[in-house]
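Note that the protein sequences, when read in sequence, are chains A and B. Residue numbering for the first sequence follows the numbering used here, starting at 2 and increasing by one per position. Residue numbering for the second sequence follows the numbering used here, starting at 2 and increasing by one per position.
Don't read these hints as lab results, they were simulated from the structure. Just so you know, not all the hints are guaranteed correct.
Any copy will do: because identical chains look the same in the list, a pair fits if it lies in one copy or spans two.
[Stated by the list, open to error] Okay, derived cross-link-like pairs now, SDA-like style, lysine to any residue, Cα gap no bigger than 20 angstroms in a straight line:
#1 Lys67 x Thr311
#2 Lys194 x Lys447
#3 Lys98 x Met339
#4 Lys242 x Thr222
#5 Lys237 x Asp61
Just so you know, these numbers come straight off a predicted model, no measurement behind them.
Here is what each chain is made of, one letter per residue.
There are 2 protein chains.
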Amino acid sequence: MERSAIRKNFVVMCTAVFTLSSVVAFAAEEKIPDALESDPIKLGWMIGFPPPEDRIIRFDDGSYFKFPQMRWSVSNFRQLMPTVNVSRGVSVPSELKQKIDGNINQLMFLPTNSKQPMTWEASLLANFTDGIIVLHKGNIVYERYFGVLGAEGQHAAMSVTKTFIGTLAAMMVADGLLDANKKIAEYIPELAKSAFGNASLRQVMDMTTGIRFREDYADPTAEVWAHAAAGNPLTKPKDYKGPRSYYDFLQTVQAEGSHGDGFHYRTANTDVLGWVLARVSGRSVAQLLSERIWKKLGAEQDAYMSVDSTGTPFAGGGLNTGLRDLARFGEMIRNNGMYNGQKIISQTVIDDIRQGANKKDFAKAGYKHLTGWSYRNMWWVTHNKNGAFMARGVHGQALYIDPAAGMVIARFASHPIASNSANDPTSLPAYYALGEYLLGLDKLKK
Amino acid sequence: MERSAIRKNFVVMCTAVFTLSSVVAFAAEEKIPDALESDPIKLGWMIGFPPPEDRIIRFDDGSYFKFPQMRWSVSNFRQLMPTVNVSRGVSVPSELKQKIDGNINQLMFLPTNSKQPMTWEASLLANFTDGIIVLHKGNIVYERYFGVLGAEGQHAAMSVTKTFIGTLAAMMVADGLLDANKKIAEYIPELAKSAFGNASLRQVMDMTTGIRFREDYADPTAEVWAHAAAGNPLTKPKDYKGPRSYYDFLQTVQAEGSHGDGFHYRTANTDVLGWVLARVSGRSVAQLLSERIWKKLGAEQDAYMSVDSTGTPFAGGGLNTGLRDLARFGEMIRNNGMYNGQKIISQTVIDDIRQGANKKDFAKAGYKHLTGWSYRNMWWVTHNKNGAFMARGVHGQALYIDPAAGMVIARFASHPIASNSANDPTSLPAYYALGEYLLGLDKLKK
Numbered sequence: 002m003e004r005s006a007i008r009k010n011f012v013v014m015c016t017a018v019f020t021l022s023s024v025v026a027f028a029a030e031e032k033i034p035d036a037l038e039s040d041p042i043k044l045g046w047m048i049g050f051p052p053p054e055d056r057i058i059r060f061d062d063g064s065y066f067k068f069p070q071m072r073w074s075v076s077n078f079r080q081l082m083p084t085v086n087v088s089r090g091v092s093v094p095s096e097l098k099q100k101i102d103g104n105i106n107q108l109m110f111l112p113t114n115s116k117q118p119m120t121w122e123a124s125l126l127a128n129f130t131d132g133i134i135v136l137h138k139g140n141i142v143y144e145r146y147f148g149v150l151g152a153e154g155q156h157a158a159m160s161v162t163k164t165f166i167g168t169l170a171a172m173m174v175a176d177g178l179l180d181a182n183k184k185i186a187e188y189i190p191e192l193a194k195s196a197f198g199n200a201s202l203r204q205v206m207d208m209t210t211g212i213r214f215r216e217d218y219a220d221p222t223a224e225v226w227a228h229a230a231a232g233n234p235l236t237k238p239k240d241y242k243g244p245r246s247y248y249d250f251l252q253t254v255q256a257e258g259s260h261g262d263g264f265h266y267r268t269a270n271t272d273v274l275g276w277v278l279a280r281v282s283g284r285s286v287a288q289l290l291s292e293r294i295w296k297k298l299g300a301e302q303d304a305y306m307s308v309d310s311t312g313t314p315f316a317g318g319g320l321n322t323g324l325r326d327l328a329r330f331g332e333m334i335r336n337n338g339m340y341n342g343q344k345i346i347s348q349t350v351i352d353d354i355r356q357g358a359n360k361k362d363f364a365k366a367g368y369k370h371l372t373g374w375s376y377r378n379m380w381w382v383t384h385n386k387n388g389a390f391m392a393r394g395v396h397g398q399a400l401y402i403d404p405a406a407g408m409v410i411a412r413f414a415s416h417p418i419a420s421n422s423a424n425d426p427t428s429l430p431a432y433y434a435l436g437e438y439l440l441g442l443d444k445l446k447k
Numbered sequence: 002m003e004r005s006a007i008r009k010n011f012v013v014m015c016t017a018v019f020t021l022s023s024v025v026a027f028a029a030e031e032k033i034p035d036a037l038e039s040d041p042i043k044l045g046w047m048i049g050f051p052p053p054e055d056r057i058i059r060f061d062d063g064s065y066f067k068f069p070q071m072r073w074s075v076s077n078f079r080q081l082m083p084t085v086n087v088s089r090g091v092s093v094p095s096e097l098k099q100k101i102d103g104n105i106n107q108l109m110f111l112p113t114n115s116k117q118p119m120t121w122e123a124s125l126l127a128n129f130t131d132g133i134i135v136l137h138k139g140n141i142v143y144e145r146y147f148g149v150l151g152a153e154g155q156h157a158a159m160s161v162t163k164t165f166i167g168t169l170a171a172m173m174v175a176d177g178l179l180d181a182n183k184k185i186a187e188y189i190p191e192l193a194k195s196a197f198g199n200a201s202l203r204q205v206m207d208m209t210t211g212i213r214f215r216e217d218y219a220d221p222t223a224e225v226w227a228h229a230a231a232g233n234p235l236t237k238p239k240d241y242k243g244p245r246s247y248y249d250f251l252q253t254v255q256a257e258g259s260h261g262d263g264f265h266y267r268t269a270n271t272d273v274l275g276w277v278l279a280r281v282s283g284r285s286v287a288q289l290l291s292e293r294i295w296k297k298l299g300a301e302q303d304a305y306m307s308v309d310s311t312g313t314p315f316a317g318g319g320l321n322t323g324l325r326d327l328a329r330f331g332e333m334i335r336n337n338g339m340y341n342g343q344k345i346i347s348q349t350v351i352d353d354i355r356q357g358a359n360k361k362d363f364a365k366a367g368y369k370h371l372t373g374w375s376y377r378n379m380w381w382v383t384h385n386k387n388g389a390f391m392a393r394g395v396h397g398q399a400l401y402i403d404p405a406a407g408m409v410i411a412r413f414a415s416h417p418i419a420s421n422s423a424n425d426p427t428s429l430p431a432y433y434a435l436g437e438y439l440l441g442l443d444k445l446k447k
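Same shape as in the complex, but just chain A (with noise of 0.2 angstroms):
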């Protein structure tokens, strides 16, 4: 496909991979509204019957995922777009008892890089957060919400998708379903000519592959364009001659580098986990979710995920939950496993999970704020004192979970900046803050 076809066709083609980065709407010198000034209550996005016109926000403009419309978008995918149900089951939602700590919003950290303290709160405007709730042993502390989401209402997770689809992973290696060392190829014939055909699930799974799969917004050619072209669920454009789907694009991935040569954050790397496990269990992955984890924790919202155009569910990042249920899976997940009443995944699981892979692997992708973490199962593992690990979604989503301090946080943003380094510096301290401050507490009444 010709460069000129694909910038003509950008915005019809270009709009169902959330991992896109909005910023690119803005220059340097840009200003970019404040987390009050793009409220998107405040802003009037699709209030009334109609909304004014300039303040409707559609799906196939592109206008949707445009910062600040964005802030709207992000709680109400589901108006936008096709999706699959993640359903909850019919039973009664499990108990998250409340303790609200109201000392919490004053407490002071020190962002990354700044002699300048600041408290919680303030940091939950830094960093444009939607919703953010945190469980110390089980129990609710704090919980905020902004703008349109509420405690009622699912959120897009980005990326903290892969985090689902990587412990699905796990739990079917460790049952003996999935052998992590086995070839792509062996679970997809499709992919053999593709650069996922000999790599290791393992390597899919910690995402040491070695793939040409460009994230460079800036490059029309760049392979993330045509993954989210494949992936639109909305009619292809007449001249349009790419893959139609994301099962089709994944054929498509090329090699770059070796296989097991150093961690590359690569989206494609779930999707092809995501057909692993679909084709081997004879579920898609959102029936895996559902039944697997969703019901087990006793969520108390469906979730759902955007799907393409032949009905596959985004692996990458197209799930959407509710800010309690992420917290309950992070709750089971602190808790080795067990929830609700049951053990719904093993204590070998948990375990791979907060062990980590290779620190050196890691090393080489260069997160300048993440120094000597490691990624497995699709998990950010921090190897920090407390041993805390997380699940990480563009713009700001985020599932932090610290042992040591008993400390759950769950949270949904809507940063202008996708890249998660532009929030770093005032999320990853804060929460580190107040793992201390529980400790501390801890301590204190022993």
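Given the coordinates of chain A, work out where chain B should sit on it, guided by the hints.
Positioned in the frame of chain A, the structure of chain B alone reads:
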């Protein structure tokens, strides 16, 4: 817009109205597959990762609403198009006790204009039933699912949607929030120049407006196509010049005949009613339905509605619900608005629905299977000896309430023929016979 252009864009434009008759795909001499032959699991629609190319059901090519594909689609609309949630909240579902009556399958009844008796069970296949549940005095005495529908999962309610909107309107009239005698233009000034402008709210609620809204699918100039094209959430074709949303379309509706001059079943009335409810309440009909009905019922699943490209839910037919939740709604109505420990709808509203409207007005519409019926607040009132009344949607969707027998029947179906005149002969006598059977049981117990 000229005819050729309309025809050209037929497929892309005209896929969003669920009331369209899919039977146009079958010539008179063609054999329509029966319920077993058209079972969506047997046919393998959307099974596999990916499904075989000829088993993929898509929205944009219109295949999703052809028969037999629609047997899958009606249980999976959200995977095909954007939707808005109708939240159940996060509370505990209300209890539905089971007292299954094994005799019901063999209950005999005489189909309309037939001399050959049929069993209840045989009627389910004859009507392409996807799910059916019978409550007797609030207990489940019968429950069956077919194809891809189960107790978990939401099915298109089609025009049963209208009954929810009409009920909400009647509730707001009873609350004094709406005045049934007011003209539509007083609520929606944008409709002043349309045929709706000088219709009263009551005329809209009872569909006695005189509007030009032909549902002749063979005629590309019929208003039903313009309505579908306006509401279609997909990108409009480049040469498209028609209305671009449901609200835009309603403003183009012209007069035909006089308001108050008989019952004329026209979907556009419900879309106008939905607009009035939203404008007056400041809430979309999806929000209203959630707050005033779904949450209070203790529904066990969220429901959802399809939306147009401006986020307006399709009030005339876009609701999708779980079968048990539809039955809960019916049971609440049967129980005079009391359910789940609270009064959800006032007696005034229930009485107003049950008493129906003018039978002579109704008779003018010429429904041959519905002699002596009337239409009130978007409910179909039989005026039979048991005082039964119904919600009805094309392809066999039904909620049937028989107060004398203490019976509620909720049914979802995917009959190849849109018009309920195709399934009424084997549905209405079966419902009536089951009511008589249950009445007989009650008498035996006394």
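Here is how each hint holds up against the structure:
| no. | hint | in the structure |
| --- | --- | --- |
| 1 | Lys67 x Thr311 | between (26 angstroms within a copy, 17 angstroms between copies) |
| 2 | Lys194 x Lys447 | neither (60 angstroms within a copy, 75 angstroms between copies) |
| 3 | Lys98 x Met339 | within (17 angstroms within a copy, 31 angstroms between copies) |
| 4 | Lys242 x Thr222 | within (14 angstroms within a copy, 34 angstroms between copies) |
| 5 | Lys237 x Asp61 | both (11 angstroms within a copy, 10 angstroms between copies) |
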